[in-house]
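Chains as they are written, first to last, in this note's numbering: chain A, 17 to 103; chain B, 17 to 103.
None of the hints are false.
Each pair may be met inside one copy or between any two copies, as identical chains are not told apart.
Below, computed lysine to any residue pairings styled on SDA-like, alpha-carbon distance capped at 25 Å: (1) K48 x L38; (2) K98 x C32; (3) K100 x C32; (4) K98 x W42.
By construction, these hints were calculated from the structure, which means they are not laboratory data.
Keep in mind the model is a prediction, meaning the values are calculated, not measured.
Protein chains: 2
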Amino acid sequence: MISDFVQSIGFLAAICTTIAFLPQAWKIYKTKSSKDISLPTWIIFSFGVFLWLIYGILIMSFPLILANIFTLLLSLFILIFKIKYNK
Amino acid sequence: MISDFVQSIGFLAAICTTIAFLPQAWKIYKTKSSKDISLPTWIIFSFGVFLWLIYGILIMSFPLILANIFTLLLSLFILIFKIKYNK
Chain A
17 MISDFVQSIG
27 FLAAICTTIA
37 FLPQAWKIYK
47 TKSSKDISLP
57 TWIIFSFGVF
67 LWLIYGILIM
77 SFPLILANIF
87 TLLLSLFILI
97 FKIKYNK
Chain B
17 MISDFVQSIG
27 FLAAICTTIA
37 FLPQAWKIYK
47 TKSSKDISLP
57 TWIIFSFGVF
67 LWLIYGILIM
77 SFPLILANIF
87 TLLLSLFILI
97 FKIKYNK
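With these hints in hand, go ahead and build the complete structure from the sequences.
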């Protein structure tokens, strides 16, 4: 049995690694510049987050599904803007 | 009981979201340019991955510990180079 304290650490970790990409998405949207951002990183990362989402659905983990839907939207946003403003 | 197929999806997801940051780390190292990279993103992400590592240690999950040590090293590398070459 995982204690409430340990669960809280995991919950806080999930929040951080999800909201972390908001400033990057905002920056790329605002500056319209993405030269320093790695294209393979965001292709592989988006695919990985998609797999986490599938995994979350298969094991019916609501927190995993919710966190990964949000992260997938942010990473696809960054990926699309990376391709659009790659200069 | 989680099936082998489902476990494989989770394993592949973990590999993708870990190795994804290798090309970004390589790019920032090679170009010495990090203008388009968001500083708050890599501060929050590194902190989140650190919490995932603590969570992995607390629940004694070897895959979680291993994946997050690797991701933490990559994200700290990107964070340090972001600060160093922020031009």
